[in-house]
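Chains A and B, in that order, are what the protein sequence lines are. Under our numbering, the residue at position 139 of the first sequence is numbered 139, and the numbers go up by one with no gaps. Count along the second sequence starting at 1, add 422, and that's the number in our numbering.
Hints in this document: simulated from the structure, not taken from any laboratory. From a predicted model like this one, the values you see are computed outputs, not experimental measurements. Glycine included, C-beta positions come from ideal geometry on N, C-alpha and C. Do not take every clue at face value.
[To be verified] If you want the ones that stay clear, here's a sample from chain B, every Cβ over 12 Å from chain A, calculated:
#, residue
1, Met423
2, Glu645
3, Ala666
4, Arg730
[Unchecked claim] Examples of chain A residues toward chain B, derived with CB under 8 Å:
#, residue
5, Ile76
6, Ala79
7, Glu193
8, Phe258
9, Ala297
10, Gly305
11, Leu310
12, Gly313
13, His387
14, Gln389
15, Ala391
16, Phe410
[What the hints assert, rightly or not] Okay, the calculated beta carbon distance ranges per label pair:
#, chain 1, residue 1, chain 2, residue 2, range
17, B, Ser614, A, Arg162, 31 to 37 Å
18, A, Asn86, B, Ala601, 49 to 55 Å
19, A, Ala336, B, Glu752, 49 to 55 Å
If you want the building blocks of each chain, they are given just below.
Number of protein chains: 2
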Amino acid sequence: MRVEIVAVGTELLLGQIADTNSQWLGERLAAVGIGSHFHQHVGDNHERIVLALRTALARSDAVIVCGGLGPTQDDITRAAIADVMNVPLERHEDLVEVIRAMFSARGRTMPENNLLQADVPRGATVIPQTRGTAPGLICPVGQKVVYALPGVPYEMTDMVERVVLDDLLARVRASGETAVIRSRVLRTWGASESGLAEAVAERFEALVGDPRITIAFLASGIEGIKVRLTARGDDDEHAGWLLADEEALVRDAIVGRFGDIIFGVDDETMEDAVARRLLESGDTLGLAESLTGGLIASRLVNVEGASRWLRGGVVSYASAVKFDLLGVPEGPVVTAAAAEAMAEGARRALGSTIGLSVTGVAGPDEQDGQRAGTVFVGLALGERTSHAQLALPGDRPRVRAYSAISALDFLRRSLDERAGEA
Amino acid sequence: MRVEIVAVGTELLLGQIADTNSQWLGERLAAVGIGSHFHQHVGDNHERIVLALRTALARSDAVIVCGGLGPTQDDITRAAIADVMNVPLERHEDLVEVIRAMFSARGRTMPENNLLQADVPRGATVIPQTRGTAPGLICPVGQKVVYALPGVPYEMTDMVERVVLDDLLARVRASGETAVIRSRVLRTWGASESGLAEAVAERFEALVGDPRITIAFLASGIEGIKVRLTARGDDDEHAGWLLADEEALVRDAIVGRFGDIIFGVDDETMEDAVARRLLESGDTLGLAESLTGGLIASRLVNVEGASRWLRGGVVSYASAVKFDLLGVPEGPVVTAAAAEAMAEGARRALGSTIGLSVTGVAGPDEQDGQRAGTVFVGLALGERTSHAQLALPGDRPRVRAYSAISALDFLRRSLDERAGEA
Numbered sequence: 001m002r003v004e005i006v007a008v009g010t011e012l013l014l015g016q017i018a019d020t021n022s023q024w025l026g027e028r029l030a031a032v033g034i035g036s037h038f039h040q041h042v043g044d045n046h047e048r049i050v051l052a053l054r055t056a057l058a059r060s061d062a063v064i065v066c067g068g069l070g071p072t073q074d075d076i077t078r079a080a081i082a083d084v085m086n087v088p089l090e091r092h093e094d095l096v097e098v099i100r101a102m103f104s105a106r107g108r109t110m111p112e113n114n115l116l117q118a119d120v121p122r123g124a125t126v127i128p129q130t131r132g133t134a135p136g137l138i139c140p141v142g143q144k145v146v147y148a149l150p151g152v153p154y155e156m157t158d159m160v161e162r163v164v165l166d167d168l169l170a171r172v173r174a175s176g177e178t179a180v181i182r183s184r185v186l187r188t189w190g191a192s193e194s195g196l197a198e199a200v201a202e203r204f205e206a207l208v209g210d211p212r213i214t215i216a217f218l219a220s221g222i223e224g225i226k227v228r229l230t231a232r233g234d235d236d237e238h239a240g241w242l243l244a245d246e247e248a249l250v251r252d253a254i255v256g257r258f259g260d261i262i263f264g265v266d267d268e269t270m271e272d273a274v275a276r277r278l279l280e281s282g283d284t285l286g287l288a289e290s291l292t293g294g295l296i297a298s299r300l301v302n303v304e305g306a307s308r309w310l311r312g313g314v315v316s317y318a319s320a321v322k323f324d325l326l327g328v329p330e331g332p333v334v335t336a337a338a339a340e341a342m343a344e345g346a347r348r349a350l351g352s353t354i355g356l357s358v359t360g361v362a363g364p365d366e367q368d369g370q371r372a373g374t375v376f377v378g379l380a381l382g383e384r385t386s387h388a389q390l391a392l393p394g395d396r397p398r399v400r401a402y403s404a405i406s407a408l409d410f411l412r413r414s415l416d417e418r419a420g421e422a
Numbered sequence: 423m424r425v426e427i428v429a430v431g432t433e434l435l436l437g438q439i440a441d442t443n444s445q446w447l448g449e450r451l452a453a454v455g456i457g458s459h460f461h462q463h464v465g466d467n468h469e470r471i472v473l474a475l476r477t478a479l480a481r482s483d484a485v486i487v488c489g490g491l492g493p494t495q496d497d498i499t500r501a502a503i504a505d506v507m508n509v510p511l512e513r514h515e516d517l518v519e520v521i522r523a524m525f526s527a528r529g530r531t532m533p534e535n536n537l538l539q540a541d542v543p544r545g546a547t548v549i550p551q552t553r554g555t556a557p558g559l560i561c562p563v564g565q566k567v568v569y570a571l572p573g574v575p576y577e578m579t580d581m582v583e584r585v586v587l588d589d590l591l592a593r594v595r596a597s598g599e600t601a602v603i604r605s606r607v608l609r610t611w612g613a614s615e616s617g618l619a620e621a622v623a624e625r626f627e628a629l630v631g632d633p634r635i636t637i638a639f640l641a642s643g644i645e646g647i648k649v650r651l652t653a654r655g656d657d658d659e660h661a662g663w664l665l666a667d668e669e670a671l672v673r674d675a676i677v678g679r680f681g682d683i684i685f686g687v688d689d690e691t692m693e694d695a696v697a698r699r700l701l702e703s704g705d706t707l708g709l710a711e712s713l714t715g716g717l718i719a720s721r722l723v724n725v726e727g728a729s730r731w732l733r734g735g736v737v738s739y740a741s742a743v744k745f746d747l748l749g750v751p752e753g754p755v756v757t758a759a760a761a762e763a764m765a766e767g768a769r770r771a772l773g774s775t776i777g778l779s780v781t782g783v784a785g786p787d788e789q790d791g792q793r794a795g796t797v798f799v800g801l802a803l804g805e806r807t808s809h810a811q812l813a814l815p816g817d818r819p820r821v822r823a824y825s826a827i828s829a830l831d832f833l834r835r836s837l838d839e840r841a842g843e844a
């Protein structure tokens with residue numbers, strides 16, 4: 001069963017709103033094991049909606065079309081579907097009554113154009129509304145089907161959960177398919193996409209022609225590179241162990257090549273990874289940021305419960321602030337020694353058990369004889385103060401963003417090292 | 423000229439990431455007067471990418487395909503385009519050298535599979551990379567064209583601005599379309615979309631049926647609401663004065679209703695607006711951020727030349743940091759008095775001429791008897807210390823982001839007031 005999603009609305013083509021409906025539907029369908037191989041956006045234009053639906057029906061088994069079911073002149077999805085089905089629209093008097101009743105329940109008179117929403121292509125089944133006025137439709141087209149749903153996310157998701165998924169799954173069973181799909185994302189920082197691909201090349205080759213497991217890489221810029229494993233099993237349990245087995249193999253391949261670069265799974269961010277370790281060790285953190293200008297702090301405060309381990313930070317953008325507030329010795333400020341002094345100064349000034357600092361050159365010009373992208377991370381952790389030196393690519397915002405996640409990764413690894421020594 | 427956008431990536435179909443590329447492209451194309459009538463999403467599958475491209479070429483004049491140009495086994499857009507063009511892939515040795523050089527500049531050896539990125543369909547033109555390794559492609563298909571761009575937004579947008587828009591506009595001109603389109607965005611903070619629409623309702627009505635000018639509203643969340651004016655003239659000069667006339671009328675309507683809520687035009691951000699005023703007045707800024715956790719500082723350091731007016735900031739996440747480092751009197755910290763004391767403390771501790779502070783409740787729980795979304799902005803400016811109180815909607819990250827831009831807007835207006843008094 002292949003489902004195609006068609007989102008209707010000129011505002012999508014103009015980029016005025018994000019298409020969250022297709023994203024939600026894709027995720028929801030995948031979770032019950034139904035693939036969607038194509039999505040389309042099309043504007044509020046009769047001929048083009050008809051063309052998009054015909055295209056979708058030619059290459060997919062079922063189509064979910066979202067939007068264009070409202071009461072105004074640009075809501076023309078019903079008429080387009082009737083064209084594709086080659087049937088007339090018929091006004092359903094029971095729907096007229098339902099819509100009229102919804103208005104009178106709110107003490108409002110119904111504008112006449114709302115009656116458009118009671119028009120149904122001959123042969124289609126109505127999906128009743130519980131949250132708005134526009135009913136959904138199940139429209140048979142030969143052996144295939146078009147589901148028409150409102151574009152309002154809150155109304156659309158309700159109809160999907162209440163009717164559409166069950167209807168689709170019944171069609172899947174009728175066709176004899178039974179697969180369940182499960183996926184997991186491994187999040188990495190510190191290797192290139194091509195390096196990761198080489199590390200798991202053996203798994204890739206072993207899986208050629210195997211429809212049960214797929215591996216994909218997703219370069220996520222300043223959040224590192226994601227490795228997504230997807231398993232297709234006969235049932236939930238089967239998919240679960242297929243996924244677990246593959247994850248173990250892929251983890252071994254990555255860790256064997258690059259060491260401890262997997263910092264989280266699925267939605268876990270680098271700041272979540274750091275927060276978990278700080279909570280475990282009972283440490284508190286103070287920051288000194290010059291290059292990153294508060295970026296690290298602003299990421300950390302988004303972790304729920306950050307107040308339990310985050311004391312705060314000093315954004316020492318002017319050199320004098322480094323000298324006065326952090327007690328860094330006067331002199332060049334883009335050096336390993338300055339980074340270490342900043343980390344110790346942050347710990348002292350903010351009263352934390354750990355101090356983390358970043359200093360460097362965002363560019364485009366060099367500073368203190370260091371070229372753009374040169375960054376030093378300082379860490380005051382227990383008796384030991386250490387640093388890391390980085391050479392980062394990109395313009396100013398990228399150098400900053402890479403520095404922030406690199407500094408957090410340095411802290412994560414250092415905390416793990418300390419825990420390993422204890 | 424009708425452009426179709428094809429976004430490649432199984433992660434889009436599975437809903438694992440939002441398709442921000444198509445949204446950005448749709449908006450960018452519309453701004454230069456080029457329509458996109460269809461968008462598609464397709465997974466990392468050769469046959470289906472070929473089918474999506476053929477579908478797009480059948481119903482559109484040009485296709486922009488994003489994604490699948492990376493160095494790994496699932497990056498197969500190049501091969502799919504070659505199939506559609508019915509030509510072989512050829513390895514470009516000059517691209518091999520460029521890619522090799524990028525790796526050696528970072529002191530890393532190049533994994534061999536990066537060479538895939540040097541494969542180009544015969545007859546295609548290369549769009550050089552400035553930010554990553556995968557080159558873009560301009561691929562002629564009969565009288566039509568396919569642009570292949572990387573899926574990484576930062577690399578994609580660079581190629582669009584640098585090459586693709588000009589190439590498309592040259593094709594538009596070659597086709598005999600002669601209208602020149604100019605647009606301007608007025609950026610506002612502090613009014614609702616429906617309020618703005620009401621304010622300019624008269625202009626909307628006056629322009630009904632006039633194809634030369636369009637007005638659109640674009641709610642941009644934490645960056646406020648943009649009002650985009652687009653003029654279509656016979657030549658550059660004609661479009662220019664159409665736009666200038668309309669801008670004057672719309673500005674009058676907005677300012678007459680809401681006062682000084684237009685903080686910038688086009689790409690000018692709130693931090694740019696603040697920076698310009700600080701440069702003019704010769705002031706320096708020190709920040710004290712608790713709720714916003716460094717977000718204001720991290721926005722300000724992205725302005726070029728920020729070191730001329732930004733001293734730094736204190737992220738006082740723990741209350742004790744407010745008392746110790748900023749000299750705030752002990753007591754409740756989500757109050758107007760605490761915000762003002764923080765602003766004065768920041769000015770003193772950081773040695774700046776102006777102090778700006780934010781304290782508040784990000785939620786979901788209340789704090790100091792204040793409900794989630796309650797925010798105080800403090801400002802120490804010359805002899806006067808003042809504050810603003812806000813009640814903001816949304817979850818934690820939204821409350822923070824709204825607080826940051828609101829605080830900067832408060833500073834912008836206060837600087838203008840002082841300049842008006844002088």
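Taking the hints in turn, this is what the structure says about them:
1. Met423: holds, 14 Å
2. Glu645: holds, 14 Å
3. Ala666: Since the minimum Cβ distance to chain A is about 24 Å, Ala666/B lies beyond 12 Å and the statement holds.
4. Arg730: At roughly 10 Å from the nearest Cβ of chain A, Arg730/B sits no farther out than 12 Å, so the non-interface label is violated.
5. Ile76: Where the cut-off is 8 Å and the nearest Cβ of chain B is about 15 Å from Ile76/A, the hint is violated.
6. Ala79: violated, 18 Å
7. Glu193: holds, 6 Å
8. Phe258: violated, 12 Å
9. Ala297: holds, 3 Å
10. Gly305: violated, 11 Å
11. Leu310: Nearest chain B Cβ about 5 Å off; hint holds.
12. Gly313: Nearest chain B Cβ about 4 Å off; hint holds.
13. His387: This interface hint is violated because 18 Å lies over the 8 Å limit.
14. Gln389: Violated, about 12 Å.
15. Ala391: With a closest approach of 6 Å, the Ala391/A hint holds.
16. Phe410: violated, 18 Å
17. Ser614/B x Arg162/A: 31 to 37 Å: holds, 33 Å
18. Asn86/A x Ala601/B: 49 to 55 Å: violated, 39 Å
19. Ala336/A x Glu752/B: 49 to 55 Å: violated, 38 Å
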